[in-house]
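Engineer: These are the residues of each chain, in order.
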Amino acid sequence: MDKFFFIKYSRTRKRNWDNVGFSMDIVSNVLSRLPVKCLLPFKTVSKLWYRIIGSPSFMKMHLRYSKDKPIYILYPYVDDVTDVYLVDASGLTLKTERITLPGCENLSFLSLNCCHNGLVCFTNCPWVPDSNMTKVIETDVEIRMCNPATRDVHLLPQGSPSEMEPVVGVAFGLSEYKVFRIFHPRSEPENDRIECEVYSPSTGTWRGIGSVPQCPMHSDNVCIDGTVYWFLVSEEDHEIPGAILSVDIEENFRIIELPEEVTAHAFLIDLDGKLSLVAIYDDDLIMDIWVLRSCSDADHWDRKCSDYIPYSIIEDTDAAAGRKNEVFIITTEHYYIYDIDRRVWTELDFEDAFDRNCPNVFSYAESLLPSNGLPTPEL
Amino acid sequence: MSSSSTTTTTTRLLMLKASDGVTFEVEEAVATKLGAINNMVEEEGSEDLICLPNVNGKFLGMVLEWCKKHANNNTNSDKGNDEVNKWWDKEFVMDLDQNTLYHLLMAADYLSGTELVDLLTEKVASMIRGKKVEEIRETFKIKSDFLPGQEEEIRKKNSWAFE
Numbered sequence: 001m002d003k004f005f006f007i008k009y010s011r012t013r014k015r016n017w018d019n020v021g022f023s024m025d026i027v028s029n030v031l032s033r034l035p036v037k038c039l040l041p042f043k044t045v046s047k048l049w050y051r052i053i054g055s056p057s058f059m060k061m062h063l064r065y066s067k068d069k070p071i072y073i074l075y076p077y078v079d080d081v082t083d084v085y086l087v088d089a090s091g092l093t094l095k096t097e098r099i100t101l102p103g104c105e106n107l108s109f110l111s112l113n114c115c116h117n118g119l120v121c122f123t124n125c126p127w128v129p130d131s132n133m134t135k136v137i138e139t140d141v142e143i144r145m146c147n148p149a150t151r152d153v154h155l156l157p158q159g160s161p162s163e164m165e166p167v168v169g170v171a172f173g174l175s176e177y178k179v180f181r182i183f184h185p186r187s188e189p190e191n192d193r194i195e196c197e198v199y200s201p202s203t204g205t206w207r208g209i210g211s212v213p214q215c216p217m218h219s220d221n222v223c224i225d226g227t228v229y230w231f232l233v234s235e236e237d238h239e240i241p242g243a244i245l246s247v248d249i250e251e252n253f254r255i256i257e258l259p260e261e262v263t264a265h266a267f268l269i270d271l272d273g274k275l276s277l278v279a280i281y282d283d284d285l286i287m288d289i290w291v292l293r294s295c296s297d298a299d300h301w302d303r304k305c306s307d308y309i310p311y312s313i314i315e316d317t318d319a320a321a322g323r324k325n326e327v328f329i330i331t332t333e334h335y336y337i338y339d340i341d342r343r344v345w346t347e348l349d350f351e352d353a354f355d356r357n358c359p360n361v362f363s364y365a366e367s368l369l370p371s372n373g374l375p376t377p378e379l
Numbered sequence: 380m381s382s383s384s385t386t387t388t389t390t391r392l393l394m395l396k397a398s399d400g401v402t403f404e405v406e407e408a409v410a411t412k413l414g415a416i417n418n419m420v421e422e423e424g425s426e427d428l429i430c431l432p433n434v435n436g437k438f439l440g441m442v443l444e445w446c447k448k449h450a451n452n453n454t455n456s457d458k459g460n461d462e463v464n465k466w467w468d469k470e471f472v473m474d475l476d477q478n479t480l481y482h483l484l485m486a487a488d489y490l491s492g493t494e495l496v497d498l499l500t501e502k503v504a505s506m507i508r509g510k511k512v513e514e515i516r517e518t519f520k521i522k523s524d525f526l527p528g529q530e531e532e533i534r535k536k537n538s539w540a541f542e
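Chains as they are written, first to last, in our numbering: chain A, 1 to 379; chain B, 380 to 542.
These are computed hints drawn from the structure, not numbers from a lab.
Nothing here was measured: the structure is a model prediction, and the numbers come from that model.
It cannot be assumed that every hint is accurate.
[Claimed, not checked] Each computed DSS-like pair below joins lysine-lysine, with the alpha-carbon atoms no more than 27 Å apart:
1) B/K511 to B/K469
2) B/K447 to A/K135
3) A/K69 to B/K520
4) A/K37 to B/K536
5) A/K37 to B/K448
6) A/K37 to B/K520
7) A/K60 to B/K535
8) A/K47 to B/K511
9) B/K465 to A/K324
10) A/K37 to B/K447
11) A/K37 to B/K510
12) A/K67 to B/K520
13) A/K67 to B/K511
14) A/K47 to B/K502
15) A/K69 to B/K469
16) B/K520 to A/K95
17) B/K511 to A/K69
18) B/K536 to B/K511
19) B/K437 to A/K37
Same shape as in the complex, but just chain A (with noise of 0.2 Å):
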């Protein structure tokens, strides 16, 4: 007897490409391998267009093949200037691209603290009202989520009075981010009491979620499936990191002990989805990259590799930040990629595309993701 293979779909459709039931699968998959510059205005094209670049399946399908090819993005954090630089380092010669978030103008000092899924989060001291823009409130700072790619900015509401500058990271779980955000609660300045406070997009508020075992060093952290990482100050030297706390995303404190003594200039990164610690060691001209393993409650650290560094004791190192199997190392005269494996320093050479002061590096896949976390909003 002969088989028969029918299918889900009927015979009479319409010969077109835009035919639901056939081609929405299709249709999605074309598009999630297209860059969002491209997609947005694919969102004119029909309804079904619309539909289908708004909805959180796609906008994964999308982050999926984006994460596959990661590049950087890079702060160099110059007055005045809210530019971030997406740079592409894979090919033979070196793509930057200057995008201006909307919405930052005249703002005291950013800092990029982290950056996940495309989306960045932004902090800066609010002005001092009425001081024409030259004084900033040291005890607080504004929070920003913003999706480069989409120049979409969610400025985030103010969180509780601090006696100190509060600390930010950012936890990206698979549906939904969460802002933690460390301060020095002002009712009970009698105690170093040190609370955190939690901002979800689905609420659009704060939330207490009560007392830390202590503040991290500053607010610059990774996120590595769903967990935040930062350093904590070392007891001996407040200059130096001696631990690092770590938060997941059900709210779950932890603090992490370091491989071994590191210097001012170490920096937490996510190599190819672990967490890896860089650390510089400038009298012996020498860098550790140290890569987490976790297994049931033990922490143990793999020393990946230990290399001498290209650029000489005067020069500090500013920033680092991994890709795949390289890191990326912004020092005070320079910006270098080290390939691990081929342990190999290549200098990359911006010709002055932009001054610096105090930059920041991360890598960096483009994404559609809304930067309010919030579903796109129907027509």
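With the hints as your guide, set chain B onto chain A.
Structural biologist: Relative to chain A, chain B alone:
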């Protein structure tokens, strides 16, 4: 077709029949690159003629040609296989016109040839990358179904991307 010395095991042959009656005799290892055929063979065996009423002979032939190439290349465990496959895939999609591409993609999707669907969607993506909205509508014969003002509203939100 001459049998090569590497295929010493007896390969079962499957009979596939396209919508226009054209039949193909292919090795099981080739046809099972297609998820739909693989499922059928696993569930019900491969004794009978398999009729595929949604694909005509021309496109089924092309899909099977792709499967054959990939099945053959995968049996040799050379390191260069990936490269060979990539090179061959590039050739395969290079000169496809839009009509053929569309039907081939439908056929590959219908037969659950995931890898081939990926290859073809990548090709379509490269064709529409950077095109203007009007060109997209023309290419895919899509009529705008927005209410007056809606299109303008979306455009305004991302005006920089339309420049």
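Engineer: All hints are to be evaluated individually against the structure, with a verdict given for each.
Structural biologist: Verification of the supplied hints:
1. B/K511 to B/K469: holds, 25 Å
2. B/K447 to A/K135: violated, 71 Å
3. A/K69 to B/K520: Violated, because 32 Å separates the two Cα atoms, which is more than 27 Å.
4. A/K37 to B/K536: Satisfied, since the Cα-Cα distance of roughly 13 Å is no more than 27 Å.
5. A/K37 to B/K448: violated, 36 Å
6. A/K37 to B/K520: holds, 23 Å
7. A/K60 to B/K535: holds, 25 Å
8. A/K47 to B/K511: holds, 17 Å
9. B/K465 to A/K324: holds, 22 Å
10. A/K37 to B/K447: Measuring from Cα to Cα gives roughly 38 Å; hence the hint is violated.
11. A/K37 to B/K510: holds, 11 Å
12. A/K67 to B/K520: violated, 32 Å
13. A/K67 to B/K511: Satisfied, since the Cα-Cα distance of roughly 26 Å is no more than 27 Å.
14. A/K47 to B/K502: holds, 24 Å
15. A/K69 to B/K469: Distance ~20 Å between A/K69 and B/K469 Cα, so the pair holds.
16. B/K520 to A/K95: Violated. B/K520 to A/K95 sits at ~35 Å, over the 27 Å cutoff.
17. B/K511 to A/K69: holds, 25 Å
18. B/K536 to B/K511: holds, 17 Å
19. B/K437 to A/K37: Roughly 37 Å between the alpha carbons, so the hint for B/K437 and A/K37 is violated.
Consistency note: the structure conflicts with the earlier hints numbered 2, 3, 5, 10, 12, 16, 19.
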